[in-house]
Amino acid sequence: MGIRYRKRLSLGPLKFNITQKGLSSMSFKIGPWTWNSRTKKHSINLPGGLSWYSNNK
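Position 41 (the sequence shown) corresponds to 41 in the UniProt record's numbering; numbering is contiguous.
No lab work stands behind these hints: they were computed from the structure.
Quick caveat: nothing in here was measured; it's all calculated off a predicted structure.
It is possible that part of the hints are untrue.
Here are the simulated SDA-like cross-link-like pairs (lysine to any residue), alpha carbons at most 20 angstroms apart as the crow flies [as the list claims (entries may be wrong)]:
1. Lys40 / Pro13
2. Lys21 / Ser37
3. Lys41 / Arg8
4. Lys40 / Tyr5
5. Lys41 / Gln20
6. Lys15 / Gly2
7. Lys15 / Met1
8. Lys7 / Arg38
9. Lys21 / Pro32
10. Lys15 / Pro32
11. Lys21 / Asn36
12. Lys40 / Phe16
13. Lys7 / Gly22
14. Lys7 / Ser37
15. Lys15 / Asn45
16. Lys7 / Ile18
17. Lys7 / Lys29
18. Lys41 / Leu14
19. Lys29 / Gly12
20. Lys29 / Trp52
21. Lys29 / Ile18
22. Lys29 / Leu14
23. Lys40 / Ile18
24. Lys40 / Leu14
25. Lys15 / Met26
26. Lys15 / Asn36
27. Lys29 / Lys41
28. Lys15 / Trp33
29. Lys29 / Ser54
Pair by pair, the computed Cβ-Cβ distance ranges are [said to hold, decoys possible]:
30. Asn55 / Gly2: 32 to 38 angstroms
31. Gly31 / Ile3: 35 to 41 angstroms
32. Trp52 / Arg4: 29 to 35 angstroms
33. Leu50 / Ile3: 34 to 40 angstroms
34. Ser54 / Met1: 33 to 39 angstroms
35. Leu9 / Asn45: 19 to 25 angstroms
All residues carry an ideal CB built from backbone N, CA and C; glycine is no exception.
Kindly produce the complete structure, drawing on both the sequences and the hints.
Quick look at the structure:
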């Protein structure tokens, strides 16, 4: 069983996900809209605990 290192840094609307291998991904969030650099997906938070996300592949 190994030990993993994971860290999330926030700089305003930018979120950086860092692992032991380096920068894993970056997210950009403005209001209810979010974009992830690794998956290239957009998501929008909706009322009532629901959300919408794009199906970019």
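Each hint, compared with the structure:
no.: 1; hint: Lys40 / Pro13; result: 16 angstroms, holds
no.: 2; hint: Lys21 / Ser37; result: 17 angstroms, holds
no.: 3; hint: Lys41 / Arg8; result: 19 angstroms, holds
no.: 4; hint: Lys40 / Tyr5; result: 24 angstroms, violated
no.: 5; hint: Lys41 / Gln20; result: 24 angstroms, violated
no.: 6; hint: Lys15 / Gly2; result: 26 angstroms, violated
no.: 7; hint: Lys15 / Met1; result: 29 angstroms, violated
no.: 8; hint: Lys7 / Arg38; result: 16 angstroms, holds
no.: 9; hint: Lys21 / Pro32; result: 30 angstroms, violated
no.: 10; hint: Lys15 / Pro32; result: 15 angstroms, holds
no.: 11; hint: Lys21 / Asn36; result: 18 angstroms, holds
no.: 12; hint: Lys40 / Phe16; result: 15 angstroms, holds
no.: 13; hint: Lys7 / Gly22; result: 10 angstroms, holds
no.: 14; hint: Lys7 / Ser37; result: 16 angstroms, holds
no.: 15; hint: Lys15 / Asn45; result: 17 angstroms, holds
no.: 16; hint: Lys7 / Ile18; result: 5 angstroms, holds
no.: 17; hint: Lys7 / Lys29; result: 18 angstroms, holds
no.: 18; hint: Lys41 / Leu14; result: 15 angstroms, holds
no.: 19; hint: Lys29 / Gly12; result: 9 angstroms, holds
no.: 20; hint: Lys29 / Trp52; result: 14 angstroms, holds
no.: 21; hint: Lys29 / Ile18; result: 17 angstroms, holds
no.: 22; hint: Lys29 / Leu14; result: 7 angstroms, holds
no.: 23; hint: Lys40 / Ile18; result: 17 angstroms, holds
no.: 24; hint: Lys40 / Leu14; result: 15 angstroms, holds
no.: 25; hint: Lys15 / Met26; result: 6 angstroms, holds
no.: 26; hint: Lys15 / Asn36; result: 9 angstroms, holds
no.: 27; hint: Lys29 / Lys41; result: 12 angstroms, holds
no.: 28; hint: Lys15 / Trp33; result: 13 angstroms, holds
no.: 29; hint: Lys29 / Ser54; result: 15 angstroms, holds
no.: 30; hint: Asn55 / Gly2: 32 to 38 angstroms; result: 34 angstroms, holds
no.: 31; hint: Gly31 / Ile3: 35 to 41 angstroms; result: 36 angstroms, holds
no.: 32; hint: Trp52 / Arg4: 29 to 35 angstroms; result: 31 angstroms, holds
no.: 33; hint: Leu50 / Ile3: 34 to 40 angstroms; result: 36 angstroms, holds
no.: 34; hint: Ser54 / Met1: 33 to 39 angstroms; result: 36 angstroms, holds
no.: 35; hint: Leu9 / Asn45: 19 to 25 angstroms; result: 21 angstroms, holds
The earlier numbered hints that this structure contradicts are 4, 5, 6, 7 and 9.
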